[in-house]
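Participant: Chain by chain, the residues:
2 protein chains.
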Amino acid sequence: MDRLSLNQITTKAWSLPEAVAGCAEAGVRWIGLWRDKVAETGVEETTRLLKEYDVGVSSLCRGGFFTGITPEGSPVDGVAQTREAIDEAATLGADVLVLVVGGVHGDLATSRQRVADAVGELAPYAGERGVRLGLEPLHPMQCAERSVLSTVDQALAIALEHPAEQVGVIVDEFHVWWDPRIEESIAAATGRIAGFHVCDQKVPLTDTLLGRALPGDGPIDHRHLKACVEAAGYTGPIEVEVFDADLWRRPGGEVLAETVKAYRDHVS
Amino acid sequence: MDRLSLNQITTKAWSLPEAVAGCAEAGVRWIGLWRDKVAETGVEETTRLLKEYDVGVSSLCRGGFFTGITPEGSPVDGVAQTREAIDEAATLGADVLVLVVGGVHGDLATSRQRVADAVGELAPYAGERGVRLGLEPLHPMQCAERSVLSTVDQALAIALEHPAEQVGVIVDEFHVWWDPRIEESIAAATGRIAGFHVCDQKVPLTDTLLGRALPGDGPIDHRHLKACVEAAGYTGPIEVEVFDADLWRRPGGEVLAETVKAYRDHVS
Chain A
1 MDRLSLNQIT TKAWSLPEAV AGCAEAGVRW IGLWRDKVAE TGVEETTRLL KEYDVGVSSL
61 CRGGFFTGIT PEGSPVDGVA QTREAIDEAA TLGADVLVLV VGGVHGDLAT SRQRVADAVG
121 ELAPYAGERG VRLGLEPLHP MQCAERSVLS TVDQALAIAL EHPAEQVGVI VDEFHVWWDP
181 RIEESIAAAT GRIAGFHVCD QKVPLTDTLL GRALPGDGPI DHRHLKACVE AAGYTGPIEV
241 EVFDADLWRR PGGEVLAETV KAYRDHVS
Chain B
1 MDRLSLNQIT TKAWSLPEAV AGCAEAGVRW IGLWRDKVAE TGVEETTRLL KEYDVGVSSL
61 CRGGFFTGIT PEGSPVDGVA QTREAIDEAA TLGADVLVLV VGGVHGDLAT SRQRVADAVG
121 ELAPYAGERG VRLGLEPLHP MQCAERSVLS TVDQALAIAL EHPAEQVGVI VDEFHVWWDP
181 RIEESIAAAT GRIAGFHVCD QKVPLTDTLL GRALPGDGPI DHRHLKACVE AAGYTGPIEV
241 EVFDADLWRR PGGEVLAETV KAYRDHVS
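Chain order of the listed sequences is A and B.
Quick note: the first sequence, position 103, residue 103 per this note's numbering, numbers continuous.
Quick note: the second sequence, position 139, residue 139 per this note's numbering, numbers continuous.
If you are wondering where the hints come from, they were derived from the structure by calculation, not from laboratory data.
Virtual Cβ for every residue (Gly too), placed ideally from N, Cα, C.
Warning: the hint list may mix true and false statements.
A partial selection of chain B residues facing chain A, derived with a Cβ cut-off under 8 Å [as the list claims (entries may be wrong)]:
id: 1; residue: Q81
id: 2; residue: E84
id: 3; residue: H139
id: 4; residue: P140
id: 5; residue: C143
id: 6; residue: A144
id: 7; residue: T151
id: 8; residue: Q154
id: 9; residue: P180
id: 10; residue: V203
id: 11; residue: P219
id: 12; residue: D221
So here's chain A without its partners, still in its complex pose (with noise of 0.2 Å):
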């Protein structure tokens, strides 16, 4: 229980002074912050509630889109974004924030090399701020609107670009594990892992966004998966992240129950 982290989209009725009550309340030490949430209450109102609650934040959702474009296909200056993202995370106390890097905007390798190109921008600025990014690669369903990075292969290359304390890479479980190299490729992560998020696929896959469950309703494997990241040296906390259409019509409180008991069951 000491490493679970609610990312707060998995109870997304509830606003964030709900989210972080909710947490103390239920034991949760932990919880992933999204920034729409943040803006709603506050930046300086979040960090007060943190303090009065003693919740840490695991990460802060999101930066990125540097490839020019958002998944509605408007036009977006991801690293000015990011830029602040990174202000956020820092005044926060987010050791890490979260990055979806961008769909395919003109041709995919000029895509991936504009990825490459924003995080060489801003990965030193991060390092001022005491933020480190985490690179989190997307499912390949997601390839054309959200992330160019499709593999944790793909994300490593680029964070080893960089410092260890400045870009690291985020292994969330529904985006990685169909992925026939995943065990080599979180072992060659060692010392990179910034986070690692759980939940399960829906099958049949009916919504690319939102076809996820809780943990141990679906086809992945959690604890071989949290054994590979650990091995690999990651021992921060497991964010519980599920976008389910279904889990966001009820109680916040009914789904961190839930959450809780499906991270017993079948994660820790």
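We have chain A already, so just place chain B on it with the hints.
Facilitator: Below, chain B without anything else, positioned relative to chain A:
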């Protein structure tokens, strides 16, 4: 145009006789057949029609499901069914039988081993019948239900355990375009490529099975991937294979005309 093959699923509204006659009329010299359509017409009558219209079979779809479960979750003896499919391919004069190997049944490692074992059991029989098994990696979003083979590297590792004339790999753009290792993987598959399937991906991707489009309507760089498979020695037919509910509702002749245009404008 000499290399264009109509994969029959693209003109799903057409019966097999309509599709074969349609290809001949449009100057398309190849067709990729599906077993359910062949069954409607009968293997003998299909063979007669192919000869009458002088249309070659680029591949027969499909054998596989070696993990013992259908995408819908029913038990299946994939090895026995694939043996029948090998016989059918031999009778039809199809050089290649496409294999969709099956999704997760039990754990992922065991499921993958069952696939490797089944290929080992069937490869010699395929060789006797003059049919090459084409291992097709499917998109990772189909790993749970349809295919525990997700990358060209992974399919190639199994193929290399058998003689090249018995087992090869199918490169289907829809399934592998996102792969950051695709160029190296295709190069490593020199002499092992048993088919090249083209289509595009819809953006946003709204459906894991039907989210496909004719070449030119998505993010895939067809000429780049075609150059890769050609550099790896593949000079055979190029199948346009599109699963798209909108296309399927339209008359086959219209769809074939657009397929020919898309191939000319974006692939050849």
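Participant: Could you work out which earlier hints the structure fails to respect and list their numbers in ascending sequence?
Facilitator: 1, 2
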